[in-house]
Amino acid sequence: MRNHATTPTPRRAPGRAPRPPAVRAAAAASAGVVGLALTACSSPAAATPGIDDETVTVGTHQPLTGPAAAGFASISAATSAYFEHVNANGGINGRTIEYVVKDDGYNPATTQTVVRELVQEDEVFAMLNGLGTPTHSSVLDYLDQNGVPDLFVASGSTTWNQPEEYPNTFGFNVDYVVEGAALGQYAADQDPGAVVCVLGQDDDFGETFLQGVELALGADGVATYQTYSTSNEDVTAQIGAMRKAGCEINLLATINGFTAMSLGTAAKMGWFPQWYASSSGGDYPTLVEFLGEDVGPKLLDGFVSANYLPNSPGSDWYELFQQINDEHNAGAPFDGNTVYGMSVGYLFAEALAKAGEDPTRESLVEAVESGELAGNGILPLSFGPDDHAAYDGVGIAVVSGGVQDFVDATYRVDGDTVEAVEPEPVPLEDDGVPTSD
Amino acid sequence: MTRTTARNGARSSTRTIVLRAIMLTVLALAATFALDPFRNYQLAVVAATFCATAGLTLLVGLTGQLSLGHGVLMAAGGYGYALVAGPAADAGLGGVGRFALGIAGALVLSAVVGGLLGLAGARLRGPYLAGLTLALVIALPAVATQVPGLGKDQGLGVPFEAVPAPLAGVMVVEQWHAWIAIVVAAVAVTPLVVLRSGPAGLRMRATHGDEVAARLAGISPARVKVTAFVASSVSAGLGGAVLAVVAQNVGPGRYSLAFSLLLLVAVVVGGLGSVGGAAVGAALVVLLPWLVDTVVSGAGMPADLEQRLSGNLAVAVFGALLVAVTVAWPGGLAGATAGPRARLARRRRPAPAPVLDPDTDPAQEPTSDPQPLTER
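As you go down the protein sequences, you meet chains B and X in turn.
Under my numbering, residues 47 to 483 are what the first sequence spells out, in order.
Under my numbering, residues 375 to 750 are what the second sequence spells out, in order.
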């Protein structure tokens, strides 16, 4: 076993001078340095980047490829379509919005690179709707250090709501505690004696959701808590355990793919309990796509989920968004992601309009903190100087006859209490293009 | 040649290497002032990757042990750093102390993992060792999810290293991180170069050339292999620690199988056994995907085609580059530039001072000239 195919023995003609390896390193490193060298410098800069008299540039990191692409790639397309609608209607304070979308493949390592590229190369005015808890967590400090407004993060983690530590970061999704509490309370209201179980993703998502459920039902209100990992596409063991525990209502802190998988797996076992899903995994059109047109609608009849956006078919917002989708998004499939993406766009446009004639990064953050933003949700926004979470309540939507719509149940979480409230949907004005007054 | 002259020779060559390393480090530190923040970030990542490729090129080129999982060793360094620096930050420690503790954690964890792999490597050969390292890199995400305290898919947060107050007016954080990366890379790679040109390097080449002959000459191949693995692993671990500091996070996502394979491609393209080649390779690993993506997004292609090419085209370019380089310069890019530079060096130093007897077996002579792959 003398030789190895890919590992040569160094060899040299006798008498040739051995070159010190450092010389090579020197040459290579200087070549690298020269290759890298561009004219710009690394001294701390001053002027507000990403905004001039004609345009405002905002950036985002989204999973356009990779494991999360199937569920979320359509969001940024919807947001872009909404901005095109705004630009076609004269923009905000005369400025058009340019939305730079970078693919991070849902890999935190890539997120770090593309966000630096957005901030330093594309010089974005603000970050908007960066998607994912693990991905966005990895750039949180970086954005904070650079004073970039980090608006409306696409995740329900409570991490984004830390005004003291991250004064420029704001969440968009209702946080998972609120969702868990609302769904738990709805379960208790519907069927007080039912055995309630939770299936959650084995990260922040599942854990904070469980906290919410326990807030509503008490610490011993959950019969069993099962977890799954996104890297293992099988939930048979978990569903089996839940069936054995006699669960009647299953609360799901799952993403769409795993919601569908849970329902499908249980159906294969001949088990049909009630399913309550968080807004991250409760989008009817998406679930039908996963489960198939033939069995999907049957399995999903009576399916309960939480939501906080104008997802009611027939509402003004819903129809406007459908129209924008046809005009500016080439008629892409219209689902919860579309409404989500456009709602994010609307909220940003509103914040920009409120940030003054000549917005700065500071005035944009102030506008969001002012508490004057209305958004387009079914409940008022909860933004304020001490609260960087967008919503503190959700409505309950139920699928009935192939249509997912809100029922008469809306909950808010105030501190440690869950209370039923009346929804206060925001009326549509000015064709969905916010103005500064 | 007597023992003393050999030792003197070794000492003087060590001094030259260290002096050159210091010179290069200062040069690189100065160069950061000419770069904008994003390039400095890229430079930091290149420097971190260089730590790994330098170790890998030594391991593969000199001892012939093929590691397909060098990313795991970087990850070990990153986790080692995070596991120590995180609690240190919680305990209120900051500044140099916390950084030093973190680096110590990175050193320990990567040395342990590297040592264990080296022990296996001393018993396994060729494809079996490659298979073992491959299995490790595939197992990494599962390990990160299953072992408590490693933060699952999300990874571990790493305390932020801000620009120290005296330098705050002069540089932004990217440049400071580039400085950290350059200094750590220098500290990681210089010992490898010293090791390579000294008696340990000789023993590695001897073991690689013919294990039985090496054993007859009084060399313990097992010890040599473990040493090489540990040295290479520690260097990779330091690189992983730097990446963790720069990214403020360490997770399994960065250290995919593709990344580990790219590291290997990088050292083969750069030239096996050549430290300069490893630097070129590291730069390729970091800059090529970015360059390809920039070209693709600038070419104005249809969105769905662009999306399909995203990430994939860079891998194809790497493959093509590997084939092209192997055909054109079997010794890698380092071999391609060796000819002209050798002539230059001869003109500069007409009387070379060989460290070894001229009649030593050529296979054991110290050299930075990797043999063409095609000749084996």
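There could be a bad hint or two in this list.
To be verified - Partner residues are not named here, just some residues of chain X that face chain B (Cβ under 10 Å, in silico):
(1) 515
(2) 523
(3) 527
(4) 594
(5) 601
(6) 625
(7) 628
(8) 633
Calculated directly from the structure, the hints in this document are not laboratory data.
Beta carbons: idealized from backbone N, C-alpha and C, even for Gly.
>> Tell me the hint numbers this structure goes against, listed in increasing order.
In response: 2, 4, 5
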